[in-house]
Amino acid sequence: MVDLLGRPAGRAGRAADQAVRWDTARGQFLRAREKVTHLVAERTEAAQAIQRLPCLRRDAATAYASITAAEETLRALAGQRVAAERSLRAAWHQYGSVMKALDAHARGKPGVRASLATGFGAGREWRARQAVLDGALRDHGAPVEAAQRAIAEVQAQFAAAVHARADAAATLRRLTAECAAAQEAIARGHQRWGEHFPAGPEFFGAQADGDADARRELTCPWADPEFAAARTELFLAALALHKAFIIAQARRIRENLSVLVDFLSGKSRPGDRTLLAAWQTLFLVVPVVSTTFASFPAMFGGLGAESIGWLLIDEAGQAPPQQAAGAIWRAKRTVVVGDPMQLEPVVTLPWGGQQALLRLFGVPEGWAPSRTSVQRVADRIACYGTLLPSSRPSEPGSIWVGTPLRVHRRCDRPMFETSNAIAYDGLMVFGTRGRNPFPGHDRWYDIRSGDARGHWIPAEGDQLRALLQELLADGVEAARIRVLSPFRQVAAEAAAVHRQVLGASCSAGDRGKWIGTVHTMQGREADVVILVLGGNPVQPAARAFATRTPNLLNVAVTRARRRLYVIGNRAAWAGEPHFDELARNLGVS
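Mapping to this note's numbering: the sequence shown position 118 is 121, numbers consecutive.
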């Protein structure tokens, strides 16, 4: 008897061995996860300090402004209180004068004899004077009450301002202490993690210069060696845990996988729930399954909405949106990776037919299959991104690119410079590390022969033959060379030249991968790329499809890691859009 991995084992011994293997793998995984969790907590504390510090500084400035405002209010209220007290003294003075007059008037009240002697006239006169003085007392009492109320109000406002100043001062002391703690945490982070610590003006400077911007893009935040090693150990421990589980459940997993094999080979059609379980078993054993959109419906047709955990769409700029709709519907999460400045979707339906369908269903032209892609649809809902100049004359202005990965690490110069200028408005950052010297020099071989067979120019073929022989003589292996052209005819003729130079040392399969049109080479790369331009001299308009947008040239030049050679009529092609930049960056032979 053998287990799932083909090793002989007895039933009892195998069960005991599986239990030990599972316990060991589980323990290692838990320890690795605990270590990563601890490191994450340390970095989270530092990250929170980075996030809090600007807010703390802003709040501290607000608290300081509150103290300043409270002190200005106190100074103003102090003046108001002095004025109110002056008014109260003046009002009390007037009120006191009336009171003195009333006291004197009360002492002069005529008696009975005086009243009788005057026929009660003295009494009537005294009472009249009393009424006048009573009215005056009332009149002078109102200013006293108003001044007292004003003083009480000023005192209440003064007390409130004192309280506000005290609160703001306490807040400022607290925020100052928190700022100091955050700055200390950030300083420790800088000291401990160096360039992997995302703080400082190179990350958050509003007016960061070009060098600071490049430094920021070239860093790997939080990917310090300690954390990267711990995450790697956790990943390996997770793989070991998966392996232990698979071995422990070998029989059930083998049965589930047999169901999937029968389904994919067309021998059976299980129910949807059984099929889902079979796929989930495969994803447990093989986490990533690669397929094309054309094969997706047949492979995953029995799966329902959100039955797949993750969908990764590569080269999304070349895929029409309708091709991805079913796959996205079946995925819980989708990651879309692509470049709208590289080759666009190839749609076989003529533009007139697309326009007819757009009119029939009332759909804007921007949603036509040949006018958009999965990448551009995904970019429409991206919160973070940048604007790039539109590559289409029919679509002037800018296009929104979501979450751009700006660092370019494939090509040497001048391929990077050409691509950055024609397609990315100078936003890319050169990140190619120093490499060993490589034979040759980037060149444009200027071939101006008028002899042509369609788009194929035999003189360019002669130059291609000589260049291939030169590269081989310099020690460049054939597998490191790619030959591209915008035209299918030129690619076919170039393959014949390649066959003449290399003969039987290159298989037909390799030649098919190494030589082709620019469209067939997207997603590939090589140390050396030879771009044979061709182009019928009597049909200059035929070059328009290659020069209308920067996309095709962008793909062509960025296939080359170390050397780029261009063979073609420099005067004719350098006068076209985008190719003029290529001519400026390449020396001529």
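Among the clues, some could well be false.
[Said to hold, decoys possible] Taking lysine-lysine pairs in the DSS-like style, the calculated list, with each CA pair at most 30 Å apart, reads:
(1) Lys246 - Lys270
(2) Lys270 - Lys38
(3) Lys335 - Lys246
Don't read these hints as lab results, they were simulated from the structure.
The hints, checked one at a time:
1. Restraint check: the Cα-Cα separation between lysine 246 and lysine 270 comes to about 29 Å, which is no more than 30 Å; the hinted pair holds.
2. Restraint check: the Cα-Cα separation between lysine 270 and lysine 38 comes to about 47 Å, which exceeds 30 Å; the hinted pair is violated.
3. Pair hint lysine 335 plus lysine 246 holds up; C-alpha atoms about 25 Å apart against a cutoff of 30 Å.
When each numbered hint is compared with the structure, a violation occurs for hint 2 only.
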